[in-house]
Amino acid sequence: MFFKQVYRNAAKNRKGNGLFFGSLVIAIVAFYTLLSLGEQDVMRFLATIESDAVHKLMLLLPAVYILSLFFVFFLVYFSCKYQMDDRRTEFGMYLMLGMKRRRLFSMLFGETLWNSLISLLIGLPVALCLTEVISLATAKLVGLGIVGHHFTLSSGAILWTISGYIIVQLLSMLILCISLVRTEPAELIRGNSQKAQTEMSNRKSTVTFILGIVLLLFAYYLGLFHLKDLNYLTFLLLLSGIVGTFLLYRGLGEFLGKRIRRKSPTAKRLTTFTNRQIQENVIHQYTAITISSLLLLVALSCVSFGISLWLERTTDTRSTDFSIFGSESEIHDILEQEDVRDMIKTSYPLYLSPTDARISVDEFSEALRKTEGGDNAAKYLSIDYIIAEGSYNDLMHAMGKERISLSHTQTAVYSSPDWEDALLNAALKKDVSIQINGSKYSLLPRLYQDNIVADRAITLSNALIVPDTLYSTLAEEPEPYCTNINLKDETVEQMGLMQAITKMDGILSKTDLTYDSYLSGIGRNLFNTVSASYLTIYLGILFLLIANTVIGLKYLIQQRQNRHRYRTLLMLGASTKELCDSVKRQIKVFFSMVLVVAVISSIAAIYSMFSVLTGFPPGTSIRTVITFAAIVLAVFIITEILYIKIVTRTAYREIYALETEERRNAS
Amino acid sequence: MDTTERILQVKNLSKTYGKASNKTEALRGITFDVLKGEFLGIMGASGSGKTTLLNCIATMTTPSSGKIILHGEELSKFHGTQLSDYRGREIGYLFQEFELLDNMTARENIVLPLSLHGMTEGEAEHKIQEIASKLEITDVLDKFPSQMSGGQKQRTAAARALISNPDLVLADEPTGALDSRNSKTLMDKLAEFNWDLDKTIMMVTHDANAASYCSRILFIQDGKLFHELRRNTQTESTEDFYGRIVTVMAQLGGGSANVL
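Chains as they are written, first to last, in my numbering: chain A, 1 to 667; chain B, 1 to 260.
These are computed hints drawn from the structure, not numbers from a lab.
Mixed in with the good hints, there may be bad ones.
Okay, derived cross-link-like pairs now, DSS-like style, lysine-lysine, Cα gap no bigger than 30 angstroms in a straight line [stated by the list, open to error]:
hint : chain 1 : residue 1 : chain 2 : residue 2
1    : A       : 15        : B       : 67
2    : B       : 143       : B       : 36
3    : B       : 67        : A       : 577
4    : B       : 127       : A       : 268
Treat the numbers as computed from the prediction; the structure is a model and nothing was measured.
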């Protein structure tokens with residue numbers, strides 16, 4: 001009997017609350033995907049070349065997992081509260097009929113466990129499929145080849161997903177049960193107690209509302225114009241942003257009240273009722289609205305940040321596959337081996353050397369200083385290295401790019417690809433020149449940033465690309481720095497880049513030569529992509545999900561608590577369609593209120609993030625960024641529309657149920 | 001009261017819930033007329049079918065058989081807009097638990113039936129003021145229900161039921177949630193509307209005190225009309241009528257055999 005009841009109630013809960021159940025399944029998928037990251041092909045591959053970084057990431061995962069559990073807890077708590085509020089009368093009845101509280105609670109826990117089990121049974125297989133697809137897709141994308149792929153089932157991840165998920169469920173149930181213990185059965189039977197509509201005093205609410213807007217604007221101002229680095233201003237920005245959002249919503253209810261009073265003499269049909277419903281939601285739920293709005297802001301920022309990291313990866317082009325260090329003759333011997341020769345497209349010595357020539361960059365620094373935000377860069381500008389034009393052109397040729405051409409009085413500035421390029425480029429456009437040992441050389445009006453060696457770990461802040469003849473007079477080291485080789489395109493196409501490099505690596509490792517390969521470059525690169533973009537996008541999506549579910553549930557809770565109002569309206573002559581229209585408008589406005597602030601704040605946040613903190617990914621055109629931003633925005637809008645549709649449909653169902661219930665109960 | 005104009009005709013009304021073995025007959029062929037300007041009371045024990053009757057007339061439940069005719073039109077033929085129009089304009093409904101929308105001010109609550117039919121608060125202001133002063137709730141017009149007393153709430157609800165100038169006001173135990181003083185004020189007001197403005201009121205009640213304000217009372221038992229009391233409003237005081245009501249109520253327990 002007990003189990004039958006648990007089973008039946010659990011089924012009813014699932015049916016009546018598909019929105020919540022669906023969100024839980026997605027949460028499970030997200031948990032498993034995160035926790036099984038270490039088992040994915042790409043990560044296992046990375047662990048072989050970047051073990052330290054991967055290890056660090058693996059240490060970070062539990063923290064991210066706990067953070068997401070914390071937020072999922074809110075989701076579960078609100079949803080369980082929604083379900084339990086609806087069943088208060090039922091609980092009261094059980095208690096009146098003599099059911100022991102202990103039994104009631106074990107029934108509730110039983111229902112929770114049963115539903116958890118079902119959501120796990122749906123969520124875990126979906127998660128397994130998804131991780132396989134991600135694993136295969138990433139492997140294909142980075143040229144790992146799918147030969148090495150095998151199905152992975154991370155038992156640790158499954159175990160952690162299950163236990164974390166169930167703990168969160170039981171914990172929120174426990175908290176709700178504690179409040180249930182404190183409620184008298186008679187009070188439960190009466191159903192829901194509502195908070196009375198009260199308004200703050202006029203002046204207080206106006207002050208709160210205006211203060212909220214001022215603080216938010218202040219936060220935007222700080223973010224857009226004063227945030228140069230992470231310092232105490234960041235803290236001030238966060239504080240004023242959070243407090244501002246909170247105060248804005250705190251004062252909004254009364255602001256709406258004033259507007260309703262002003263409009264009501266001309267309001268027709270259910271307009272006043274609809275607006276009062278919205279106002280009531282804001283007055284009673286401003287905390288939840290603030291949290292949801294902030295979560296959405298974090299979600300949007302996270303996703304944008306993650307995507308920008310992804311873009312950064314994709315723009316990091318492959319310049320050379322191996323850089324071999326050693327004497328020219330030794331290298332020559334190796335390159336002449338048959339198996340090596342078959343794989344190589346080009347090889348060339350790279351002339352890069354420190355120089356003791358007096359290189360005066362005064363004019364260049366001056367130009368930098370005059371560029372907006374260039375003070376710091378100007379202060380630290382110095383050039384100690386030179387690259388021969390011929391070597392650089394060999395590199396450009398191997399990459400299929402246009403060669404540079406320097407006259408005997410021209411040089412060009414080289415900077416590592418990691419460096420901020422916008423400032424230097426802007427300064428170079430001003431037609432500047434430098435002096436080497438007292439002679440004046442003009443600089444080409446753009447910055448060169450292609451990787452001159454295979455491994456990006458070797459970085460060089462700034463260097464000067466000089467004509468070969470000048471190089472021979474200025475270089476401290478006349479020998480080439482290293483020899484770069486590029487693999488044949490056919491080989492790469494046939495074997496996949498990864499496998500081709502690994503094969504060459506195998507040959508080179510047998511010799512005594514030291515070398516760097518693009519493999520470690522890819523490793524670092526991939527690691528950045530996978531760790532940072534994956535984690536931020538993951539958190540972004542999770543926040544988006546939680547914020548939307550919380551807003552939706554908050555609305556539905558309020559609607560259900562006040563269903564008698566809709567019944568009265570029916571009696572007063574409102575049609576079901578009018579009620580549905582009112583509900584639809586309420587939901588739209590309720591969601592928009594949360595979204596508008598979140599979107600405006602996130603535009604400011606994302607703008608300041610890109611323009612001040614990280615800068616646009618090097619080499620990415622504005623058009624790409626805008627395209628990606630548009631895609632993110634579209635996905636975001638679709639998600640919101642989907643949520644609004646689901647919530648509206650649930651709300652409609654309640655209205656229709658009301659009508660039939662009204663007819664049924666009228667006895 | 002116009003003794004010739006029949007505002008409402010209920011003909012052989014039946015309502016059955018459930019099917020086959022599980023059948024409950026709430027109403028078993030009730031027939032009566034309501035005249036314009038009448039203050040009609042419906043009394044009966046719990047489960048006698050009086051609320052079902054009221055709900056059938058309010059179109060909140062559909063009768064199994066029989067007819068309800070208002071101004072010569074049959075209610076069962078109403079659908080959609082016609083039905084909403086009927087609910088908001090032609091009948092006013094007064095609930096036992098007031099059912100004021102607690103997130104709206106008294107003024108907004110009162111104007112609801114009018115605004116549902118396209119009139120704005122501005123246009124209705126004159127009417128609001130008029131009815132509010134009659135029901136003595138002018139002071140609370142801009143207050144929320146949580147800031148009012150029970151009596152004020154029910155008078156606000158009465159203003160809402162009356163504002164659209166309905167042909168028929170249906171009241172379901174309107175004094176059920178009020179103390180005796182507030183009950184008396186409310187009944188005085190309702191009687192005033194009935195008397196001065198010739199409003200037709202049909203009230204379901206348990207309360208003999210409230211019922212004594214009526215001009216006619218129908219007693220229902222087991223879904224059938226069981227007895228009828230008429231008061232001569234010219235000669236009979238409410239106190240005398242109250243006495244007669246109490247006597248019938250005492251006899252109700254014993255079935256129709258005991259009724260004189």
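A quick look at each hint next to the structure:
no., hint, in the structure
1, A/15 x B/67, "violated, 40 angstroms"
2, B/143 x B/36, "violated, 35 angstroms"
3, B/67 x A/577, "holds, 27 angstroms"
4, B/127 x A/268, "holds, 16 angstroms"
Of the numbered hints given earlier, the model fails hints 1, 2; all others are met.
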